[in-house]
Structure formats: structure tokens, C-alpha cells
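Turn these sequences into a full structure, and let the hints guide you.
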Amino acid sequence: MKRLFTILLCCLLSASWMSAQDSVPATTFSSDTLVLNNDSVLIIVTVCAPVCSSYVTVENAKGDEIGEIRPPLLDAVFPEAYIEDRRLKWRDNTWMIMDEDERKWMEANQK
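So in my numbering, the last spot in the sequence shown is 111, and the numbers never skip.
Treat the hints as calculated values from the structure; they're not laboratory data.
It is possible that some hints are incorrect.
[What the hints assert, rightly or not] Derived DMTMM-like pairs (lysine to aspartate or glutamate); straight-line CA-CA distance at most 20 Å: (1) K104 - D92; (2) K89 - D75; (3) K89 - D32; (4) K62 - D39; (5) K89 - E68; (6) K62 - D32.
Listed below in C-alpha cells is the structure:
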């Protein structure tokens, strides 16, 4: 739950920062599920404001949270989870709030 609060706070801050520059679409929330086996389900909650970020949990058949899946993207401020071919995948959306100079610096320092 702390992670979800952090995601919401980051998205809302991003939205307020972006609104000072341009008009911003409304904040959206979405969820997706993936059945792992007969007694557990993976749940992805994604918030977009306008940059998307996700929180992923695993719940048992009773609906109790039994774990959290953290993104493998260690430096990502806005990691987004999605399901592709019945697999959990991640993408880093941090670059979406960077200006051109920040992107150039990031590219130069990732080599």
C-alpha cells in the first residue's frame, strides 16, 4: 500500500508540473489481472497522470495479498507493468518527463 501511495503521489506531482506547461489529460486508473495458478492471481494497478506507473501484487484465492512484485528497473521513477503473451513485463516511463538536456545527459551516462 505504501508503494501505491508513492505512485499516486509521483503521478499527481507530475501532473501538476506538466499542467504548468500545457494542458494535461485527466488522471486515469486501470487494472489488469493474470491467473498464475489455481490459487493465486497477479494484479497490476496502473495510474497515468499523464506518465504511467504501476504497482503489482499477488493475491491468493481468498483475495488476500500474499506478495508484491517490484520492478526490475532499479532506477525507474515511473515503472509501468503490462502483460504480454501471458507474461509480466515492465517499461521505464521516466524519460517522458525529462526535457531534451536531461535525456541527452541520461543517454551519455548509460553507456
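Each hint, compared with the structure:
1. K104 - D92: 16 Å, holds
2. K89 - D75: Judged against 20 Å, a Cα distance of about 16 Å means the pair holds.
3. K89 - D32: 12 Å, holds
4. K62 - D39: Status holds; Cα separation ~8 Å.
5. K89 - E68: 15 Å, holds
6. K62 - D32: Roughly 18 Å separates the two Cα atoms, so the pair holds.
Hint compliance for this structure: no hint is broken.
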